[in-house]
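Peer 1: Fit chain B to the supplied structure of chain A, relying on the hints for placement.
Residue strings, one per chain:
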Amino acid sequence: MSTTSPKHDAPDSPASVGWTQGQKAELFTAHSPFKLDCGESVGPVEVEYETYGTLSATKDNAILILHALSGDAHVAGWDRQAQHDGRTWRQRKPGWWDTVVGPGKAIDTNRYFVVCSNVLGSCYGTTGPASTNPKTDKPYALTFPIVTIGDWVRLQARLLDVLGIGKLHAVVGGSLGGQQALEWALAYPERVNKCVILAAAARLSAQGLGFNAVSRFSIMHDANFNGGNYYGSEGPDSGLAAARMLAHITYLCEDAMHSKFGRRLRNKTKPDFGLGVEFEVESYLNYQGSSFVRRFDANSYLLVTRAMDYYDAADWGDGDLTRACQRIQSEMMVVSFSSDWLYPPNECRELSHAIAGAGRPVTYVEVQSGYGHDAFLVETQQVSRLLHSFLSARTSDIKTEAPHAQG
Amino acid sequence: MHKAKRLLHELGKNIYGQIDPAFTGLTVDQVVELMQRRGAAEEASAPPERWQDAIIEAEIEAGSSVLDLGCGTGTLLERLIQAKQVRGQGVEVDAEAVLTCIHNGIPVFQANLDAGLAGFGDNSFDYVILEETVQTLHYPLKVLGEVLRVGRRGIVSFPNFGCWKVRMDLGFRGRMPVTQGLPYNWYDTPNIHLLTLQDFLDWTEQAGVRVLRGYAVVQGVVRDLGAQDNLYAEEVLLVIERA
Numbered sequence: 015m016s017t018t019s020p021k022h023d024a025p026d027s028p029a030s031v032g033w034t035q036g037q038k039a040e041l042f043t044a045h046s047p048f049k050l051d052c053g054e055s056v057g058p059v060e061v062e063y064e065t066y067g068t069l070s071a072t073k074d075n076a077i078l079i080l081h082a083l084s085g086d087a088h089v090a091g092w093d094r095q096a097q098h099d100g101r102t103w104r105q106r107k108p109g110w111w112d113t114v115v116g117p118g119k120a121i122d123t124n125r126y127f128v129v130c131s132n133v134l135g136s137c138y139g140t141t142g143p144a145s146t147n148p149k150t151d152k153p154y155a156l157t158f159p160i161v162t163i164g165d166w167v168r169l170q171a172r173l174l175d176v177l178g179i180g181k182l183h184a185v186v187g188g189s190l191g192g193q194q195a196l197e198w199a200l201a202y203p204e205r206v207n208k209c210v211i212l213a214a215a216a217r218l219s220a221q222g223l224g225f226n227a228v229s230r231f232s233i234m235h236d237a238n239f240n241g242g243n244y245y246g247s248e249g250p251d252s253g254l255a256a257a258r259m260l261a262h263i264t265y266l267c268e269d270a271m272h273s274k275f276g277r278r279l280r281n282k283t284k285p286d287f288g289l290g291v292e293f294e295v296e297s298y299l300n301y302q303g304s305s306f307v308r309r310f311d312a313n314s315y316l317l318v319t320r321a322m323d324y325y326d327a328a329d330w331g332d333g334d335l336t337r338a339c340q341r342i343q344s345e346m347m348v349v350s351f352s353s354d355w356l357y358p359p360n361e362c363r364e365l366s367h368a369i370a371g372a373g374r375p376v377t378y379v380e381v382q383s384g385y386g387h388d389a390f391l392v393e394t395q396q397v398s399r400l401l402h403s404f405l406s407a408r409t410s411d412i413k414t415e416a417p418h419a420q421g
Numbered sequence: 013m014h015k016a017k018r019l020l021h022e023l024g025k026n027i028y029g030q031i032d033p034a035f036t037g038l039t040v041d042q043v044v045e046l047m048q049r050r051g052a053a054e055e056a057s058a059p060p061e062r063w064q065d066a067i068i069e070a071e072i073e074a075g076s077s078v079l080d081l082g083c084g085t086g087t088l089l090e091r092l093i094q095a096k097q098v099r100g101q102g103v104e105v106d107a108e109a110v111l112t113c114i115h116n117g118i119p120v121f122q123a124n125l126d127a128g129l130a131g132f133g134d135n136s137f138d139y140v141i142l143e144e145t146v147q148t149l150h151y152p153l154k155v156l157g158e159v160l161r162v163g164r165r166g167i168v169s170f171p172n173f174g175c176w177k178v179r180m181d182l183g184f185r186g187r188m189p190v191t192q193g194l195p196y197n198w199y200d201t202p203n204i205h206l207l208t209l210q211d212f213l214d215w216t217e218q219a220g221v222r223v224l225r226g227y228a229v230v231q232g233v234v235r236d237l238g239a240q241d242n243l244y245a246e247e248v249l250l251v252i253e254r255a
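Sequences listed follow chains A and B, in order. Count along the first sequence starting at 1, add 14, and that's the number in the numbering used here. Count along the second sequence starting at 1, add 12, and that's the number in the numbering used here.
Don't read these hints as lab results, they were simulated from the structure. Hints may be right or wrong, so weigh each one.
[Said to hold, decoys possible] Below, a sample of chain B positions facing chain A; criterion: calculated Cβ distance under 8 Å:
no., residue
1, Q101
2, N116
3, G117
4, V120
[What the hints assert, rightly or not] From chain A, some residues computed to sit far from chain B (all C-beta separations above 12 Å):
no., residue
5, L50
6, D74
7, T336
[Claimed, not checked] Cβ pair distances, simulated, as ranges:
no., chain 1, residue 1, chain 2, residue 2, range
8, B, A127, A, D151, 57 to 67 Å
9, B, L182, A, Q221, 46 to 56 Å
10, A, H272, B, A127, 21 to 31 Å
11, A, K73, B, T201, 51 to 61 Å
12, B, R254, A, D332, 27 to 37 Å
13, B, V223, A, S273, 48 to 58 Å
14, B, T201, A, Q395, 26 to 36 Å
15, A, S219, B, A127, 16 to 26 Å
16, B, R254, A, P47, 49 to 59 Å
17, A, N360, B, W198, 30 to 40 Å
18, A, S305, B, T87, 44 to 54 Å
19, B, Q94, A, N360, 29 to 39 Å
Note that the coordinates shown come from a computational prediction; the quantities given were computed from them, not determined experimentally. Using N, Cα and C, we set each Cβ at its ideal position, and we do this for glycine too.
Here chain A stands alone, though its shape is the one from the complex:
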């Protein structure tokens, strides 16, 4: 059925977690809804999650993985239900971090119990705008409340309660997932031993806010958008595709685009003097845009990018990031990538300095890479070595103290 490419570990490979199946947990009900940062509540709340490996008897080997903007709970292995659930794109590829998570891999499922859940407001099994609002019997659409990274993390904590996991060996995430990992270290300092933040900073830059604004504009001004009430009819596909095309530019960088596509024409040696797809880079972006439309809900894209916009870890310190970081009790590792211009190294360094300034030990690594923001997924070897070393290092008796007062 599924045609596995040779570059992926097949389901029967000893390096694959094999066939996987998403699980569901109802964490809040209509009667006892989930209270959100925006002041509204939502209920029922169902969460889709996956787990790999075995929870130890002492429950001390759990690692929570946090997915990025368009990600899902399907981190590794091959989705047994892909056809049944209409997620046919999963038949061609294993989970989004299959290179890093699996038996004997950097996040070793022989050793760790790995958990990942889809975030609230997304569209991969966790309650979101496409879910039915029990009060109206219609999809929430844009009546779904605005969600925050803080909400996501509180919901994840609730899931872990249900799974019987108190303290995590580690939280690990990249990009928007990295910000969730940071939020974990701030919101639940006593529940996190180690925290890994890849290609993420304490907040999104003005440039990043700008990209998200354009993405939402293109969705909300699509002729089919209809105020978000497009379920059951044609959705704002071209708006969503344009948003994804723009996002893909931000995930690469000039060097990466140059080496990947250059100015090469698509399947031709001479231009057609037309407005069709002429260049390789156009073809790539078109493909990314149209395949995304088949797998993502535009309303979710609006909500998730908004959550990304709002996040600022300094909120925990009333605007002072160093003060916020005084909450941290975990061993922290922040990894930046030299050509990332979405969460550039200087912003990752700023976060790391704030952690150090708060009197907390921090490991900060700048990986040399030409792949831009995508590097956190692409630089498998370097990221794996860092993860393996950091996750398996004996937890030293971390001493934390407030910095000496001036004078």
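Peer 2: Showing chain B alone in chain A's frame:
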């Protein structure tokens, strides 16, 4: 030209005479020959490997916080964390060394020291260590200033370019010195800003910095810093703070 050569000869004789009477009255060629013969003997009196670490361990108060600049693979910090229960933080630029630190559970900040200290807060560490690194920096004075901004105390060690062996090597061989403490050729040395003990002491005076304690390696033996050590010390370690 002849006068300059004679002067250099006299200087050499005088310094050598002061260090070791065996050199008195020798010609330049004889001194060079003697130095070469003594090369082998010197090997035996090399300073103990990582001689600074034991001093630093004794110097640092238990339970304090330590920032080690240019921490390498984190050997010193690991020792201090275990023996003195310090809150240790390393800074290192080399990717492989950084990975070793991570593997050993030593918190490490990958950064170039010339650029990377600005983000650390004032007085955020009890001690900031700059071991055998100051002479490799592009902006040594800027970094030394940062050491005492970020730390209550600084611990700085470096090879003393004023050591008589170095002076003789340059003076008589006429080539950049290659010694135990400075084992590089001019073209492959990381030491781009070599300094003498006296240069450093001059800086402390100008910068309003107090030297609390000093240690020297002389003929392979570690001892307290002495008055003549600009000439004798092969390597030095100083504990400094803002005056």
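Peer 1: State for each hint whether it applies.
Peer 2: Here is what the structure says about each hint:
no., hint, verdict
1, Q101, "holds, 6 Å"
2, N116, "holds, 6 Å"
3, G117, "holds, 4 Å"
4, V120, "holds, 5 Å"
5, L50, "holds, 34 Å"
6, D74, "holds, 17 Å"
7, T336, "violated, 7 Å"
8, B:A127 / A:D151: 57 to 67 Å, "holds, 60 Å"
9, B:L182 / A:Q221: 46 to 56 Å, "holds, 53 Å"
10, A:H272 / B:A127: 21 to 31 Å, "holds, 27 Å"
11, A:K73 / B:T201: 51 to 61 Å, "holds, 54 Å"
12, B:R254 / A:D332: 27 to 37 Å, "holds, 31 Å"
13, B:V223 / A:S273: 48 to 58 Å, "holds, 53 Å"
14, B:T201 / A:Q395: 26 to 36 Å, "holds, 32 Å"
15, A:S219 / B:A127: 16 to 26 Å, "holds, 20 Å"
16, B:R254 / A:P47: 49 to 59 Å, "holds, 58 Å"
17, A:N360 / B:W198: 30 to 40 Å, "holds, 35 Å"
18, A:S305 / B:T87: 44 to 54 Å, "holds, 50 Å"
19, B:Q94 / A:N360: 29 to 39 Å, "holds, 34 Å"
This entry does not satisfy hint 7, going by the numbered hints stated previously; all others are met.
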